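Peer 1: Chains as they are written, first to last, in the working numbering: chain A, 1 to 81; chain B, 1 to 81; chain C, 1 to 81; chain D, 1 to 81.
Some hints could be false.
Pairs involving identical chains hold if they fit within one copy or between any two copies, as the list cannot separate such chains.
To be verified - Straight line, CA to CA, 25 Å or less: simulated PhoX-like cross-link-like pairs of lysine-lysine: (1) Lys-78 to Lys-34; (2) Lys-67 to Lys-34; (3) Lys-3 to Lys-67; (4) Lys-67 to Lys-78; (5) Lys-64 to Lys-78; (6) Lys-34 to Lys-64.
Keep in mind the hints are simulated off the structure, nothing from the lab. Quick caveat, the model's predicted, so the values are computed rather than measured.
4 protein chains.
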Amino acid sequence: MWKEENNCLQATFRFRDFAEAFAFMTEVALHAEKQNHHPNWSNVWNTVEIRLSTHDAGNIVTDKDRKLAGVIEQIFQKYPG
Amino acid sequence: MWKEENNCLQATFRFRDFAEAFAFMTEVALHAEKQNHHPNWSNVWNTVEIRLSTHDAGNIVTDKDRKLAGVIEQIFQKYPG
Amino acid sequence: MWKEENNCLQATFRFRDFAEAFAFMTEVALHAEKQNHHPNWSNVWNTVEIRLSTHDAGNIVTDKDRKLAGVIEQIFQKYPG
Amino acid sequence: MWKEENNCLQATFRFRDFAEAFAFMTEVALHAEKQNHHPNWSNVWNTVEIRLSTHDAGNIVTDKDRKLAGVIEQIFQKYPG
């Protein structure tokens, strides 16, 4: 699901519609805020693109990113795609 | 899932945790706002209780409630519970 | 804004419309999840009722509730009512 | 607030923190879904960038975009920035 590129973990997620995409974003947002580690992400209708890197480490991929990526993957699993 | 009681459609939904429950609420909120028909609902941690009735019809159950109930049921189906 | 009653901190918040009420709930949800302390709350259209107590302390009001109540009050201040 | 560039209405919004930024996004999302007109938007921590254009009209700016831009501007006004 994730690939490492340009010092980021990157992935694209597709959903049934906007409402489902934004519900996914809300669940991710709650975990991101809890981990105090926030994604660089964008959305158009049913598609969400997420890029993870660690600002405080000089914008490289660290364990903080791998941890959040794992949580996001688990959240995404329930969506039938 | 839904039962009609006291002139309301009522149902209780349980989730893995608060983040999942609130993501569900967000998806429901987007559909409710689109239909201009809003639930009477409450949440504690992983549990969401929803009551639907139609204010403008004198707080009885109408097709507006049945339509929203159907959408909510479809949203809920993806959650493993 | 808050009153202590039945071993809960309770308050009612009113907004312009449902969208504003749910945006408020989302900001509260992000802080609640971060503090790992979740409200007992309900919503109908533009109104949100929040009750705070500490389950692990035997459902009484503790500093955890006062802390979250303070954050919620600060969030609410920006809304013109 | 908005400027028209590359056949898009574009604006950048800054907030106190991530929770406030995501609450703003939630309120915008509810209106966007209601108007069935969705933004192309991105977020990093306290910053939200929004681009509006009308896909069905060949990705140019139409009244649908101006209408949603006006609603977003009104939502943003309550934030102290």
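Peer 1: It remains to establish, for every hint, whether it holds in the given structure.
Peer 2: Going down the list of hints, with the structure as the test:
no.	hint	verdict
1	Lys-78 to Lys-34	both (21 Å within a copy, 23 Å between copies)
2	Lys-67 to Lys-34	both (12 Å within a copy, 16 Å between copies)
3	Lys-3 to Lys-67	within (14 Å within a copy, 38 Å between copies)
4	Lys-67 to Lys-78	both (19 Å within a copy, 24 Å between copies)
5	Lys-64 to Lys-78	within (23 Å within a copy, 28 Å between copies)
6	Lys-34 to Lys-64	both (12 Å within a copy, 16 Å between copies)
Violation of the numbered hints given earlier is absent; every hint is satisfied by the structure.
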